[in-house]
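S.K.: Chains as they are written, first to last, in the UniProt record's numbering: chain U, 1 to 447; chain X, 1 to 447; chain A, 1 to 447; chain H, 1 to 447.
Watch out, some of these pointers could steer you wrong.
Identical chains blur together in the list; that is why a pair holds if it fits in one copy or across any two.
[Claimed, not checked] Distance condition first, Cα-Cα at most 30 Å in a straight line; then the derived BS3-like pairs of lysine-lysine: (1) K222 - K327; (2) K256 - K299; (3) K211 - K108; (4) K108 - K11; (5) K299 - K274; (6) K184 - K358; (7) K272 - K299.
FYI, nobody ran anything at the bench for these hints, they're computed from the structure.
Protein chains: 4
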Amino acid sequence: MCAIVGIINSKDAAKTAYYGLFSMQHRGQESSGISASNNHNIKTIKNRGLVTEVFNHESFEVLKGEMAIGHNRYSTAGSDSVLDAQPVSAKYSLGQISIVHNGNLVNKNEVRERLVEDGAIFQSNMDTENILHLIARSHKEHLQDRIVEAVRQIRGAYCLLILSRSKMFAIRDRYGVRPLSLGKLKDGGYIVASETCAFDLVGATFVRDVKPGEMLIFEEGKSEYKSVQLFGEVDPRICAFEYIYFARPDSMIEGKNVYEIRKKLGTKLAQKSKIKADLVIPVPDSGVPAALGYANESKIPFEMAIVRNHYVGRTFIEPTQEMRNLKVKLKLNPMSSVLEGKSVVVIDDSIVRGTTSKKIVELLRNAGAKEIHMKIAAPEIKHPCKYGIDTPSYAELISANMSTEEVCKFIGADSLEFLSIDELVDSLGSERKYSLVSFDGDYFINN
Amino acid sequence: MCAIVGIINSKDAAKTAYYGLFSMQHRGQESSGISASNNHNIKTIKNRGLVTEVFNHESFEVLKGEMAIGHNRYSTAGSDSVLDAQPVSAKYSLGQISIVHNGNLVNKNEVRERLVEDGAIFQSNMDTENILHLIARSHKEHLQDRIVEAVRQIRGAYCLLILSRSKMFAIRDRYGVRPLSLGKLKDGGYIVASETCAFDLVGATFVRDVKPGEMLIFEEGKSEYKSVQLFGEVDPRICAFEYIYFARPDSMIEGKNVYEIRKKLGTKLAQKSKIKADLVIPVPDSGVPAALGYANESKIPFEMAIVRNHYVGRTFIEPTQEMRNLKVKLKLNPMSSVLEGKSVVVIDDSIVRGTTSKKIVELLRNAGAKEIHMKIAAPEIKHPCKYGIDTPSYAELISANMSTEEVCKFIGADSLEFLSIDELVDSLGSERKYSLVSFDGDYFINN
Amino acid sequence: MCAIVGIINSKDAAKTAYYGLFSMQHRGQESSGISASNNHNIKTIKNRGLVTEVFNHESFEVLKGEMAIGHNRYSTAGSDSVLDAQPVSAKYSLGQISIVHNGNLVNKNEVRERLVEDGAIFQSNMDTENILHLIARSHKEHLQDRIVEAVRQIRGAYCLLILSRSKMFAIRDRYGVRPLSLGKLKDGGYIVASETCAFDLVGATFVRDVKPGEMLIFEEGKSEYKSVQLFGEVDPRICAFEYIYFARPDSMIEGKNVYEIRKKLGTKLAQKSKIKADLVIPVPDSGVPAALGYANESKIPFEMAIVRNHYVGRTFIEPTQEMRNLKVKLKLNPMSSVLEGKSVVVIDDSIVRGTTSKKIVELLRNAGAKEIHMKIAAPEIKHPCKYGIDTPSYAELISANMSTEEVCKFIGADSLEFLSIDELVDSLGSERKYSLVSFDGDYFINN
Amino acid sequence: MCAIVGIINSKDAAKTAYYGLFSMQHRGQESSGISASNNHNIKTIKNRGLVTEVFNHESFEVLKGEMAIGHNRYSTAGSDSVLDAQPVSAKYSLGQISIVHNGNLVNKNEVRERLVEDGAIFQSNMDTENILHLIARSHKEHLQDRIVEAVRQIRGAYCLLILSRSKMFAIRDRYGVRPLSLGKLKDGGYIVASETCAFDLVGATFVRDVKPGEMLIFEEGKSEYKSVQLFGEVDPRICAFEYIYFARPDSMIEGKNVYEIRKKLGTKLAQKSKIKADLVIPVPDSGVPAALGYANESKIPFEMAIVRNHYVGRTFIEPTQEMRNLKVKLKLNPMSSVLEGKSVVVIDDSIVRGTTSKKIVELLRNAGAKEIHMKIAAPEIKHPCKYGIDTPSYAELISANMSTEEVCKFIGADSLEFLSIDELVDSLGSERKYSLVSFDGDYFINN
C-alpha cells in the first residue's frame, strides 16, 4: 500500500515525479522520496512526512536530470526512522542504483535469511533491500540480466521501479496484484505510476497497463522502450481492494474506472437487499460511489448525511472527559436535521475490526436515526492480506471470529449485509481473476 | 470570515476551545489562537498555521483555567505577521482583557482615525484593536458598561467574544449578519461558537442562537448567564453566503440546516431550468448538496464526476511547462470515463472572478464532456461584500462587468444560469430578511 | 541589557543592521528583530532566537530600504512571547513608527498607570510601549517635538532608536548610563550602535559617542545629521558594569577600551593583594583580561587552567545521578594537570548569588588545587541594579546578606578579596562619574 | 576527525554518551548519533546537527539500556545526507550490530572494490560500512573472531566501537594514530572516549589509554573487561595534530596534557626567535596556550588583542559590498587600542591554505599594528594527511608550493617562522614516535 512513480526522458523529471506523488498521496502519508539521475549520478531526497512537507524549492536544485523515480510510504507501526523511507539507493558493482517498491514479498524472510547467512547486512526493515542485494550479488554482466535473476528469486505481490544512471526498469509481478500503468508525457517522455490519476495531473496520456510479469526497459535518450516477459506463465489477479477502497475513484485500473466499479458494488447491494428505508447515506469519502449506486437501484433518496472534516493532522491533544468517540468524531459528523426519525441504509466499503462501524452506528443513533441498516460494499474480511494491504491478524479481524449476525449485534446496527464473493467478482467483471485472499483465504502465491 | 469560540465554567476550557476551533477550521486557515483565564490572569498562545500546527501538549500547560476564547483567521494577502493573529490581549485600566472578532467594521477607518488623532497606537491591522481602544478609553467604571459604549460606536457585521479575568461577553451585531450560537456543555459550562458543528464535536447541546444586537454575559462560577439587548431596534439579516458556501453543511444557522438549504438552492435551479442533460455533477465539496437537490428535482442522474484531492498544502513547487491549469488541477480531477460524450449540468456555489469556472469548463471539455451547462446555486455577485466575506473589488467581479451571456462565453460553457435574488430568498425562507449585499448592493449598514 | 543598532542612508540597511546585531549577540540571546523603512513604509521581522536563527535570505527581501533599526533582547524569565520582542512598530497619528530600546525606565509603572488611566492599552510587558504611547498622545505637530515631550516624561537609564518613514532619532538618557556610539559607513551612511564592536564588523569608522541627554536626528537622503540636547543639565554616569563584564572586550566605551579597563581592574587587585600563589587563573571568558593584569603586576604566572566549552545550547537533558555541578561543568572544566598541588589565584568578574563561585571552587579542589584565593575584579554587589543590568533582589544577592568572610566561607575559598569602590573608580578613571548603584546603592535617578 | 564514545554497564548509558559527545563537540559539528542496547535490541537515533539539536527528552525514551555508543561527525563537503551520520546499524547473520568510527582507512577503496565485486551494496560514503560488511561476511562463528578477521583486512588510522546486543568492543589501530581512552564511571560501568575531557564532564576517572592494536571486550553485566592484542607488532605513532590543534586543551593524550604541550610549542618558538616585539598575541582560541608559552619564554607581554565571537551559526547572509574579509571578521576582531603602533608577534597553530592568515594580517594592519611577526606553533604542512585530519590536496597546501619566504610575502607579514619537525618532536617528547605525515610525507601506513 504505497505509491510509486517513474519518469524518463522528460525535462525536470523530479518535478513531474513530485506532482505524480502528490496526486497519489492517498496511497501513503508516512514518508516520501525521489531519486533523480542526470546521467552521471543519482541523487536522493527522502524524509518522513507528506509530499508537500518533504520537498521544497531547494530539493529540485539537487534532483536534476531527465530521469526520476519516487515513492510514498504508507504508515505502519514499527517503522520509526527515515531509514525506512524509499527510494533505497546504493552503490554496487555496476555503479549506482535506486529502487522503489510497492507491495509485499511473501518469501522475504527466506530470501533475507539466505542473504544474511551469505554475509549480507540489512540497514532497514524493507523488502526493497532484499532486491538490491539480489541484484548486487548476481554474477551476470548486465544490470537487466541481474534484475531478471533477482526477480525470479522473489515471490509476492509487487511493482518495482529501478533506476540506474541511464536506464529505468518497471516491473510488475506475474499475478499483477498491484496496479502499474504507463503514460506518455507531452514532451515525449514516459511516466509509469501506480495509478492513472497521476497522469491526469501531469498532463500525460494513458498508454497501457504494464502487464503481469512484464518488465519495461527505458533508456536515456531513446524514445522507444523495450518489453520483456519475465515469467513463462502469468496468472493475472489484480487486487480487489484496489477497486473496493484503496485507489482513487478517478483512476483506471486494468481498463476499468474505480468510481464506476464502486457504483456497481452499491447497485449489487441494492439488488439483493430487502430493506425498506427513508435514506441511503454513505460513510464518506470512500462509501460515496457505492451509496450512489445503491440509491439509483433502490430508488431510495441519497443523502450526504455524514459530513467529513478533512483537516485531520497528526497532533493529538488528549480530549476532555466529556468528549467520546473522538477519533471517529474528528472526521465524521452525522447531521441530526437529516437523520432525525429516519430509517437509513448506511453504505461503507468494508468492516475490518468493527470498532469504527460500532462508533458510526452510535453517532447515527445519537443523531436520531430510527433504524440503521449497514450495507458493506465488499464481502466479509476473514483472512489477513499478505499481498500488500495492511490488514490485521486473524485475532483482530471481526469477521474471522464472528458471524454476520454477531457482527451486526456488536456494531449495534438493525441489520447488516455484505456482498458475497460471487457478487463482488460479478461487479468487477467475471472475465478475469482477482486477488481475493482477504475474503476467501486462497493464498495463491506460495511462500 | 473567521471562526470564534468561547468556553466558560468548564474544566480544561482551552482544550474544548481547541476542538471547537478544529471543527471550524474551514472558516480560516491562516492563524489560530486561544486565550485562557484561570481567574487570576489571562494567557494567550497564537501563531500562523492550522489549529493542529499552532497548539501542542505544552500549550495546554500554559492555557489553564475554566474560561477560554479562541479564533481561526482566514487567509488574506497583506497580513504577513503573527501580530495579525487573534485573540488580541492587552492590559488596560481595569486589568487584563482579550478579544476575538469575526466580521468587519464598516466605520473602522473613521473610528481608527478618531482614535489615532486622540493618541492611540495601532500595532496590527485588525479591527479588533479598535474595539480594545474604545473599551480602554471609556470612562465607565464597569467593563460591561464600557463594552456597551464601545459597541455603540462601531458599525458593521460582527460577532465578538470578550474575556476578562472572571467574565466572558458574547456580542452579535444588531443585524445578526455573522452567526453565533450558544450551547451547553456536559459539565454544565457554556460554549459560544460561530457554527453549531463545534457543539457536535465537543458533545455540547444547542441552546439557542445569540440574538441580533444581544450581549450575553457569563461570569466565572455562575451557572446562569445574563442577556442584554444593546440596540433599541434590531433588523435581523443573516448573511446569505453562510448558507451558500461558507458554513459547514452540518451546521444549523438560525434554525436551518445548511445542507438542506443548499439542496433547496439546487432544487430551485432545477425547477427553472429547461436544459436536458445526461448527468448532474457538482464542483466538490461545496456544490454537492445543491447538485443532489438538482438531481432529485430534475430526475437527471447525479454523478461525482469531479474528484477532489484534499491533500493540498502550502508549498508550491513551480510546475513544468507542460502542466496547465495546475492550481485547479491540484484540487479537482474530472473523470473522462464518466464524462466522455455526455451532456452535463455542473453545479457550483458561485462565480467570483470567473477564472476558476473557466478552468473547470476546460478540464471538463478535455475529459470529453459534450455539453457543459453551468448552474450556479446563487445569484450573480455584482457588488463587493463589506460585511466580512472576502470578495474582490468591482473591477475583479466578473458579474459586475459582464452580462450572464458574456460570462458564459468567457468561461466557455454551453449555457450558464444563476439563481435570481428572489429565488435565493425563497429557498432561504422569505419570512426573514438576509444580507444580500453582494447580489443587490444594498449596503444596509451605513458607514 | 540589550543591543540596539540603527543604520541610515546606506544601501541594504537591514543587512548592515543584521551584522551589527550579530556582533552584539552577547548583549541578548532571547529574541532579535529589525525594522526597515524604504521611505514609503516600515516593515518589521522579529522572533525568539539568535540573530542567525531569526533572519534568513527571504527576510531581506522584505526588509528593503536605506534605513533600519534592530534589537537583540536579553533573556529574562516571564517573557514567553514573540510579543515581547523588539522593535515595537505601530501606526499612530503621524504615520508609522518603530522603536528599539536598551535600558530600564524607573518611572515606568507610574507612566504606565497614568497612560492606562487615560485609556491606553498595553499589548506587551516592555517599557518601549510606554514611549510609543507618549509620542502618540503628544499634541505637538512634529514627531521630533513629540519625542522630546515623551522623553522628558520618562526617567531611567536608556538608549532609544526611533524610526519613522524618513527619519531616525537616536537618544541617550541624561546620565548616559547605557552606551551608544555613532559611526560612519563606507558608503556615507551612518550607524548608531550600543557597542563599537559593531562598527568593526561592518567596516564603519567611529565618529563619536552620542552624548548623555543628546538626540541625534538623521534624515533620509541628507548627509548631515542634527544634534539636540534634551536636558538643561546632564550628569554623565556610564554604567561601571559595561566595563566590568557586560560589553565585549574589543568595544570602546566613552573613549576607553573595555579590555584595557579590565586589565587595570586585575592590576589593582594585584597591587593590594598579599597572597603568594603559584598561578593566576581566570574564570573564562570574562575574567581573562583582569587575570592578565593581575599576572603582569604580581609576576605570578598566568595559566588558562579552566577550559570553557562554547557549544552550550538550549536543550537541557536531565543528567544521570552521578553527574554533579552539571550546569557549571557544561561550560567550565579545570585541568588537574595544571592545577594539581598548586596554590592558585582565581580571577572572576563578580559574585552575584555565590552559587556559581561555590561550584567553581569545588571543581578546582577536585582538580587538585591546594589553595584557592578568589579575587573579584569588582566591588561587592550589595544592591539590585534598576538601570538595566539583570541583578536579583536583595534577598538573593549574597553580598547584601553576608560579609566578605562569610561569603568566602560559603564558596569554600581559602581567601576572597573584592575591589573597593574607590579602586574600581580609580581604574575606570576618576575624572568621571559612574553608575555604581549595585555597589553603593546610590539610586541617582529618582523614580 | 570525529568523536566517539562508548558506555557499558551503566544506568542510562545513552545519557552519559550524550554528555560525552557534548564535551567533544569540537571534534565534529555536522551530525551526531547514539545507538543504545537494552540487551534485547539496539535502537539508534542520528541526524544532522549539533548534539543539543539532534537529541531531546523523547530520544532517551527510545535509547534505553546500559550500553551505548555515540558519534560526532566532522563537517565535510559532499556529505549532504543523514545517511552519512553514524552510528551505522545493521542486521546480519549473528543478529544486530552498530558501529562508530573515527579515522580513515587507507585501503578503503581496495576493500570496497573487493566487497562490491563480491556483491556488497553500499548505502553511504562511509568507511564504517566497509567494516560492517567484513564482519557480516566472515565465516567465523563468534562476533569477536569476525571482528579480528575484519580488522586485519583494513589498514589505516582508526578507532572503532562496536556494539552488539550484549557486548561492546573498543579497537585502536596498530599505530594508535587516533586517541582512545578508557575511564571508569561512578556506578562501576566503563566509558571509552576519543578524549579524556569527556570523562571530566560525566564524572568518570581515567583508567588508561587503549593501546595501539588493542581490542577491549566489554560484556553486559560483567565488571571485568578483556584485552586482546590484534597485531603481532605495534608501532605507536599518535597524531601530532591532536596536540597541535585538534584536541581540547584539557584532554590528556597518551599521558600528556594538550595545553601543556601547546605551551611548550610556544616556548620552542620563542627560544629560536630573534624578533623583538612589543606584544605577543594569539589567534584565539587554539593559539592561546602557545602564545602564553612564547610570552613566558620571551618576556614579551602577552595580550588577548584579537577577540573571538563564538556565536557563529550556519546561516550565511550575503553581506553588503562594503564588508570585506567577512568570514574571518565574523569570528575574529583585532583591537586597535591595543595594537596601534605596536610591533607584534602573532601565534597561530598552523597555516594550511594561507588565506586565513592573509586576512588576519590584513585585519591586524588595519587595526594599526606596525610590525607583524607570524609564528606558527607547528612545522610547514607540505603533505595531505590521509590518516583522518581534513587537509586539502597538494595543490591547495600553500607550504607544498611556496617557500617560507614566499608564504610570508603572500600573507603580508613582516616575518614568518615555523617550528622545525625536530623542534615539534622535541616538544612532544622524543621518547616516542608520532604521525607527522603532513610535515614529512612519511606515509608509514602502506595502502
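S.K.: Would you mind marking each hint as holding or not holding in the structure?
M.R.: Right, here's what the structure says about each hint:
no. : hint        : verdict
1   : K222 - K327 : neither (51 Å within a copy, 32 Å between copies)
2   : K256 - K299 : both (25 Å within a copy, 26 Å between copies)
3   : K211 - K108 : within (23 Å within a copy, 43 Å between copies)
4   : K108 - K11  : neither (36 Å within a copy, 37 Å between copies)
5   : K299 - K274 : both (13 Å within a copy, 24 Å between copies)
6   : K184 - K358 : between (45 Å within a copy, 26 Å between copies)
7   : K272 - K299 : both (14 Å within a copy, 24 Å between copies)
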